Amino acid sequence: MFQIITDACCDLPAEILDQANVAYIPMILTLDGKEYVDDLGQTFDYDGFLKCLQENKQPITSQINIGRYMEYFRPHVENGVPILYIGFSSGLSGSYSSALQAVELLKEEYPQVTIHCVDTKAASLGEGMLVLEAARMQQTGQTLEEIVQWLETYKMHVRSWVMVNDLKHLEKGGRISKAAATIGGLLHVKPIITVDTEGKLQNVDKVRGRNKAIHKIVEETTRDADLTMVNQFYLAHSGDEATAQQILDELKASYPEVPIIRYSLGPTIASHTGYGCLALFSMGKNERV
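According to this note's numbering, the sequence shown is numbered sequentially starting from -3.
Don't take every hint at face value.
Claimed, not checked - Restricting the straight-line Cα-Cα distance to at most 27 Å, the calculated cross-link-like pairs of lysine-lysine (DSSO-like) are: (1) K212 / K174; (2) K212 / K248; (3) K202 / K103; (4) K53 / K248; (5) K47 / K281; (6) K281 / K248; (7) K174 / K202; (8) K196 / K53; (9) K53 / K30; (10) K281 / K174; (11) K212 / K202; (12) K47 / K30; (13) K196 / K208; (14) K103 / K53; (15) K212 / K281; (16) K208 / K174; (17) K196 / K174; (18) K174 / K248; (19) K208 / K281; (20) K212 / K196; (21) K53 / K202; (22) K248 / K202.
Stated by the list, open to error - Cβ pair distances, simulated, as ranges: (23) E253 / P107: 49 to 59 Å; (24) N75 / H184: 54 to 64 Å; (25) V254 / H211: 11 to 21 Å; (26) R284 / E105: 35 to 45 Å; (27) N75 / T26: 29 to 39 Å.
Since the hints were derived computationally from the structure, they do not count as laboratory data. It should be emphasised that the depicted structure is a prediction, and the values quoted were computed from it without experimental measurement. In this text, a Cβ means the ideal position worked out from N, Cα and C, and glycines have one as well.
Work the whole structure out from these sequences, hints included.
Shown next, in the form of structure tokens:
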């Protein structure tokens, strides 16, 4: 037996991870000078957080440091339980680098330790999709090595199509220029974002109007969806339930029998995308380029 561990940036509810026997490391964020724990819905006041995002408040997020990784890894290592850590994209956070350093320190104490770290190059439910697939494989008897091989082989097939509501929020995060945010807001332009091969966010299009933006991300998702790898779609959103339902309905029109897993965008990710962000995740036919 081995233990799968992930982090709160997978955006899966804590109870779902508990059912899958997956442990997770919470993320920390600061808002109005107060520190909060992103514990995947166990205690975090998500409705209050969304209200703060609507008021254009800017939370500050922190990466997971080496000490916290060691804190969560050590109990399993001491009990001789191998670990599979499935982590948030190294292109968006320094957390993954801290995980690797924590592993090296633990190996100095426990030379026989087995810890595999997988950089998903994904975020939110793109990461979560890989976590749940790994848990499913574990439950059906796949070995640790087989699951690591699957993750490394197919993680670059993850598709992430994201639309955001507030261009000013992206500007504050340094994703677009102040001029672009001002002009885009006047023209009701909605940026379309994806995750590139380095696991970083990339602005790939600007669509005028929310309905066109919805159609764009659904169209891009269905254009090369490969349901033989993972037979589900994943939808994450920070508020704006009505638009999330529009996306779900449009996707269902093309794939009426395929499950669509829908959860809230976690506060750590939403801190950077703002209120009204919607993100659609799937597996594509080829590795992303």
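For each hint, the structure was consulted:
1. K212 / K174: Status holds; Cα separation ~24 Å.
2. K212 / K248: holds, 15 Å
3. K202 / K103: violated, 47 Å
4. K53 / K248: violated, 34 Å
5. K47 / K281: This hinted pair is violated, its Cα atoms lying about 38 Å apart.
6. K281 / K248: holds, 20 Å
7. K174 / K202: holds, 15 Å
8. K196 / K53: holds, 23 Å
9. K53 / K30: holds, 13 Å
10. K281 / K174: violated, 36 Å
11. K212 / K202: holds, 10 Å
12. K47 / K30: Satisfied, since the Cα-Cα distance of roughly 16 Å is no more than 27 Å.
13. K196 / K208: holds, 24 Å
14. K103 / K53: violated, 42 Å
15. K212 / K281: Since the Cα atoms of K212 and K281 sit roughly 18 Å apart, the hinted pair holds (cutoff 27 Å).
16. K208 / K174: holds, 24 Å
17. K196 / K174: holds, 20 Å
18. K174 / K248: Not satisfied, since the Cα-Cα distance of roughly 37 Å exceeds 27 Å.
19. K208 / K281: This hinted pair holds, its Cα atoms lying about 24 Å apart.
20. K212 / K196: Holds. K212 to K196 sits at ~20 Å (cutoff 27 Å).
21. K53 / K202: holds, 24 Å
22. K248 / K202: Answer holds: K248 to K202 is near 24 Å, not above 27 Å.
23. E253 / P107: 49 to 59 Å: holds, 50 Å
24. N75 / H184: 54 to 64 Å: holds, 56 Å
25. V254 / H211: 11 to 21 Å: holds, 18 Å
26. R284 / E105: 35 to 45 Å: Given range 35 to 45 Å: holds, Cβ gap about 38 Å.
27. N75 / T26: 29 to 39 Å: holds, 34 Å
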